[in-house]
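K.L.:
Take a look at the letters that make up each chain.
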Amino acid sequence: MANVAYQLGSSGYAANSAHSAPHAHPSWSPYDNNGGTCVAVAGNDYCIVAASTRLSTGFSILSRDVSMIFKLSDKLMILSPGFQADARTLHKVLQQRYIQYQFNHSRPMSVAACAQLLGNTLYYKRFFPYYTFNICAGLDEQGKGAVYSYDAIGSHERSGYAVQGSGKDLIQPVLDNQLKAASPLVLPPENWMSSLPLDQAVDLVKDAFVSAGERDIYTGDAVEIYIITKEGTRREVVELKKD
Amino acid sequence: MVDPKAAAAVHSGHDPIKHTTSPYVTGTSVLGVTYRDGVLLAADTLGSYGSTKRYKSFERLCKVNDQTIIGAGGELSDFQYILTLLEELSNEDFCADDDAKLSPKEIYAYLSRVLYNRRSKMDPLWNSLVVGGVQDGKPFLGTITMLGVHYSDDHIATGFGQMLARPLFRERHRPDMSEEEATQLLHEGLRVCYYRDKQTTNKFQIAKVTTEGTTISEPFALETKWDYKAFVNPGALAMGTW
Amino acid sequence: MFRNQYDQDVVTWSPQGRIHQIEYAMEAVKQGSAVVGLKSKTHVVLASIKRTSAELGAFQRKLFKIDDHVGIGASGLISDGRSISRFLRNECLSHRFVFEQPIQVSRLVRDLADRAQVATQRSWKRPYGVGILSAGYDKTGSHLYYNCPSGAYYDYKAMAIGARSQAAKTYLERNFEEFAGADVDALLQHSLKALSASVTEDELSADNTAVALVGQGTPFTILEGDALKPYLAALKADEDVPPPGDGEGEMAEATDAAASAGEPAAPEEGAPAAEGPAPMED
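Chains as they are written, first to last, in my numbering: chain F, 1 to 243; chain R, 1 to 242; chain S, 1 to 282.
There may be inaccurate statements among the hints.
Per the computed footprint, the stretches of chain R lying under chain F, defined by three or more beta-carbons under 8 angstroms from a beta-carbon of chain F, are [stated by the list, open to error]:
id	region
1	137 to 149
2	175 to 186
Which residues of chain R face chain F? A partial, calculated answer using Cβ under 8 angstroms [to be verified]:
id	residue
3	14
4	153
5	215
In silico lysine-lysine, BS3-like type, Cα no more than 27 angstroms apart, as pairs [said to hold, decoys possible]:
id	chain 1	residue 1	chain 2	residue 2
6	R	198	F	92
7	F	125	R	138
8	R	105	S	229
9	R	203	F	92
10	S	229	S	193
11	S	41	R	138
12	R	101	S	229
13	F	168	F	180
14	R	105	S	41
15	S	139	F	92
16	R	18	R	121
17	R	63	S	41
18	R	101	S	139
No lab work stands behind these hints, which were simulated from the structure alone.
The C-beta atom is built at its ideal place from N, Cα and C for all residues, glycine as well.
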């Protein structure tokens, strides 16, 4: 199985049933890319988590209101753009592990613990990966924003903010420029968490999604935003263009 | 030429492992809409063998229980296998005798696992499924692809219907439609599928779920119109073609 | 010296038609401290007495959360109880993974009973040495089940198991008619009153008592320590008022009613220990 080079792309029978005879498929792929963009921003006392709600395949929009954000708790969320079936499975696996952790340890999982678990879970499928590009975000044990971003096979890093998914190339440079966070490359190290006040950071995230929706066909319809502070978690939905 | 691996398998007394790489007998689109009192699903009754109309009265909409119906496109033998799985689950409910029946959402979740697990074994069940039902007095409509991708929405169309009928639904569908309006909308969707998808025949069924239970209609045909002048002599209005 | 030939393993019948190993396992349930369970139409409550192994030891927990909608109380060999709770938790998680909905309580206890039954028919196994009261709430309502080491399981309106549970059972039989319509606080008070009947030396305290609650809109929650104090205070206040009506005739009537409400009274269905002295004492 490890030797198979998967070709990504839509693979429904629909496209092929247009042909005439039952014939060997050119190549069936176990993967699809359902698009979508997600962003997380960590502040000193907040964490913003946002994801578009469009589900696509190829040039089709499958649905306009499908969440990519999986809430493990009010203060801990996983965002997974990429292949929706893998994302859903990953979320379910993590949900199980999250409950088992609580049975075993009698306390909720910290963001750091969850981040490591997510990394391990992804790496466990190193040779048949979950085709998802995750962000794990929430408030850490000091109440600071915590954002971890991953590749499909589990390598990860904590950072002050992260962007993943189809609109990444559009949004990442904007956040690099606007979030007022020191580069992790600066020496001696400086605090790389965003120094923006919460409301400005939220506005920036909304603007970023509106802009990505303008140019990326896989980002649109709406963006779902969770604003996590120690007072609690607030959910907002901002409509995006539906084209 | 004998495949050496397959030959070895025969010698060792085992069949070679076979996976579906293409479908044989297929059904095309399934359409579904929610409305005020429940859910309607619609599909034609054709099982195509390539471009041959192989089975002309194949019922692609099935009742699962009093609150759930399911419709399928894609490999029809795989669909019949899926129905046996659901039958087993329903039998378990019956034998448990505890008044608990699988709800539409449970069936939807279960089937998404089945299809995902099979794709993960690189041995997919070649179907697009639509699950319709009423749960807690509210309509539920969801779909699952052969890869395990699944979502629920107010209106759904699989296969060619996604391109042909879904735009109509997006324009005209309202969750508070009456049954007549919803049926009308489905007819429009089916008609355009019949006009433009050559794997659709003019023999359809509509299945309905409400709090009252499920019904699947007798097959019916839609009124169609082919005698447009442009069709009779297509070249007349486009000089120099054909 | 007399030696019973028919109690050496679980796959041997005695000529009287009994399997002594199973009966011994059922005796183990009676040696554990008491657990009481009772339900209204919308909620189920479990109450338990916890023991310590030593003056300086902690009190051993015997109520376990299984899922948001179900939990258990164990009496007997608590190590078996923990093994069972791990099994039940996994069943619940797997069911949620596949169906995205909580498992029916009736099916969960049936799965446990099937598992317990296997241990009564294999020479290399031993029956569980623990009785399990399961409290749960699902789409078919509130449920209270008792799972016996024999593999039998029973549906109850109210039940008590463990040491001196007969006293608690008597209380439940006298009062069960009030339970169906009772609110949560009343249900909790009934559970504590029933439980206190099974206590001899000490009285119920925030240390040795644990109560659990589950029901409509209430995920399974264990109340112990400080969280329990107001309920124990209310119990104490109530005890100072003498209970009305204590006639013997009344009790017999209530027992009959409870028996028809699902008590496993038929001898051929289990509980042979009730027919005479326990085989261990033969």
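K.L.:
Quick one: which hint numbers does this structure break? Sort them smallest to largest.
P.N.:
Of the numbered hints, 2, 3, 5, 6, 7, 8, 9, 12 and 17 do not hold.
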